[in-house]
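Model the full assembly from the supplied sequences, consistent with the hints where possible.
Take a look at the letters that make up each chain.
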Amino acid sequence: VATQTVKPVSVPGAGATSVPGTAPSRLRRLARAVRPGPAPGANGAALYRRWWLPWLWTAPALVCAAVFGVFPFLNTLLLSFTNAKPLGGAANFVGLSNYTRMLDDSDFWLATRNSLLYALIVVPLMVLLPLMLAVLVEKKLPGIGFFRSAFYTPVLASSVVVGLSWQWLLADDGLINTWLQKAHLIRSAIPFLSDSWLILFCAMGLTVWKGLGWYMVFYLAALGNVPNELHEAAAMDGAGAIRRFWHITVPGVRQAMMLVGTLTGIGSLRVFTEIFMLGSYTGGPGGADRTLPFYIRDVGLDPMTGNAGYGSAVSVALFLLTLGLTLLAQRLTKEDES
Amino acid sequence: MTTAVDKRGRLMPRWRDYGRPRELVVRYLLLLFVLAITVGPLLWQLLASLKSTSEDVFGANASLLPHTRPCAPTRRSSSRCRWPRTSGTV
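Line by line, the protein sequences are chains G and U.
Under the working numbering, the residue at position 49 of the first sequence is numbered 49, and the numbers go up by one with no gaps.
Under the working numbering, the residue at position 33 of the second sequence is numbered 33, and the numbers go up by one with no gaps.
A few of these clues could be false.
Derived DSBU-like pairs (lysine-lysine); straight-line CA-CA distance at most 30 Å [unchecked claim]: (1) U:Lys7 to G:Lys140; (2) U:Lys7 to G:Lys182; (3) G:Lys139 to U:Lys7.
No lab work stands behind these hints, which were simulated from the structure alone.
In this text, all values refer to a predicted model and were calculated from it rather than measured experimentally.
Below, the structure written as structure tokens:
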């Protein structure tokens, strides 16, 4: 609770001390504005009687957002109309030529296809598998806490570390190929890390494996809101576990599924580490597995041959793709709510 | 029904209170399967880190468990090592 007495405030340059009740100085007005609690003779809302006061409190966050979010975005947008180099130097305005070049660039379309395919396969898996896992660990059983913690472990590990681990496991002479050969299931090693399609699918698997625990927690929270009475009533009516899952659990966590779908969709379009770790720095054989962020890094950030202007144009394209996906998810959510 | 009581006098659920036996077995088998998938690669990495330089991590001769003691490389550390002798020492 703020004190109601106002001490005399000395005003720099005024040459005298201003006293409450006399003509208010600037400093006194400021002191009164930022003082916590209601002003004398005013209600609680008087804390916000200065229009700029909320802006003052939010200024640090706004400055951070402007410096690290808005400025880089506007700068990228500006750069996409130039032929700037990654290491600086003179940049000339080239109009829409970066965008027209992008339309004729087969590597760009290949990266776009890879990114979209990644999202198309990873999103359904990431929506359904963590939900099934959450249903599996939802029931209170002896030792279930251990299983829940263990399933969350891959989330805690670094992407590079798990990428390296999977790279070793999937190598031609790695553990998986060795075991499959010892079990006489295959004759020659499966080229997990040299076939472009297999690299892409292994990277998808790695993404799903790493994200399972994270989204399982989302669904565990959502499953708490599904009334158990519905399950009991359905079970009494003779509904099996699978039927109850599709007709009670899934509709009950639909909002969480929308959220997970949106988040994984955005994350899939931004995937880089998995491809880099499994497909090496080239992004698969001949760069066939490059996703859009990988392509941006290749064309925009190479210090010798890179073109920051063109890389920025591809970044803008990726932004528009992500924005489109987000708006689509938002629309679907609204339709679902209505 | 819960009829068993622990040392503190609290009611303890029996296995049958958690569901039908077949359902429980299936659930635990699924949990173990997912556990092997999620923790297996990390566990393999941990075990590989315990192997000495003379052991294979790749190839047909690679084993899951390290054959040498984790702290065997030097005589000094070997003398201090408390790794069980029965675990396949060199």
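Hints, verified against the model:
{"no.": "1", "hint": "U:Lys7 to G:Lys140", "in the structure": "22 Å, holds"}
{"no.": "2", "hint": "U:Lys7 to G:Lys182", "in the structure": "50 Å, violated"}
{"no.": "3", "hint": "G:Lys139 to U:Lys7", "in the structure": "25 Å, holds"}
In summary, the one numbered hint that this structure violates is 2.
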